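*Asks:* Using the sequences plus the hints, can you model the full thing?
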Amino acid sequence: PYPTKLGVHGTHVGVDWESCIADGACMDVCPVDVFEWNWNPGAKGTGTHHPMEQGGDEWNQYRTDKCDPIRESDCIDCMACETACPTLAIKITPGA
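Residues 186 to 281 (my numbering) make up the sequence shown, in order.
It is possible that some hints are incorrect.
[What the hints assert, rightly or not] Pairwise CB distance ranges, derived in the manner of DEER restraints: (1) Leu-191 with Pro-279: 23 to 33 angstroms; (2) Glu-221 with Met-264: 13 to 23 angstroms; (3) Gly-192 with Asp-262: 16 to 26 angstroms; (4) Asp-242 with Thr-278: 34 to 44 angstroms; (5) Asp-242 with Gly-280: 33 to 43 angstroms; (6) Pro-271 with Asp-218: 18 to 28 angstroms; (7) Asp-262 with Asp-242: 32 to 42 angstroms; (8) Pro-279 with Asp-242: 33 to 43 angstroms; (9) Ile-206 with Thr-278: 14 to 24 angstroms.
[To be verified] Below, a list of computed lysine to aspartate or glutamate pairs in the EDC-like style, where the Cα atoms sit at most 20 angstroms apart: (10) Lys-276 with Glu-257; (11) Lys-251 with Asp-208; (12) Lys-251 with Glu-221; (13) Lys-276 with Glu-203; (14) Lys-251 with Glu-267; (15) Lys-251 with Glu-203; (16) Lys-276 with Asp-262; (17) Lys-276 with Asp-208; (18) Lys-276 with Asp-213; (19) Lys-276 with Asp-201; (20) Lys-251 with Asp-218; (21) Lys-276 with Asp-218; (22) Lys-251 with Asp-213; (23) Lys-276 with Glu-221; (24) Lys-276 with Asp-259; (25) Lys-251 with Asp-201.
Think of the hints as simulated: they come from the structure by calculation, not from any bench. Quick caveat: nothing in here was measured; it's all calculated off a predicted structure. The beta-carbon is built from N, C-alpha and C at its ideal position, and this holds for glycine as well.
*Replies:* Dropping the structure here:
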């Protein structure tokens, strides 16, 4: 359930994990919260057994350096993330 391979993740909202630098620009601009940080399955536990403060040290230890389009079906094709991504790692394919 946890993607760990590089390459493109997502179809409608494709994120190239080889290009993604995890600056979070896509998350900041997405009006429908398509993206989340990919959780690291190699870390002990997943951190989901108790609430954590987003951005806190404990939260960050479970985060990878990759953004995952886990709610790509919610995408409204506004292209904000594709435009905001500094490495052009995101490609929106309307109708995919």
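*Asks:* List, from low to high, the hint numbers that the structure doesn't satisfy.
*Replies:* As far as the earlier hints go, not one is violated by this structure.
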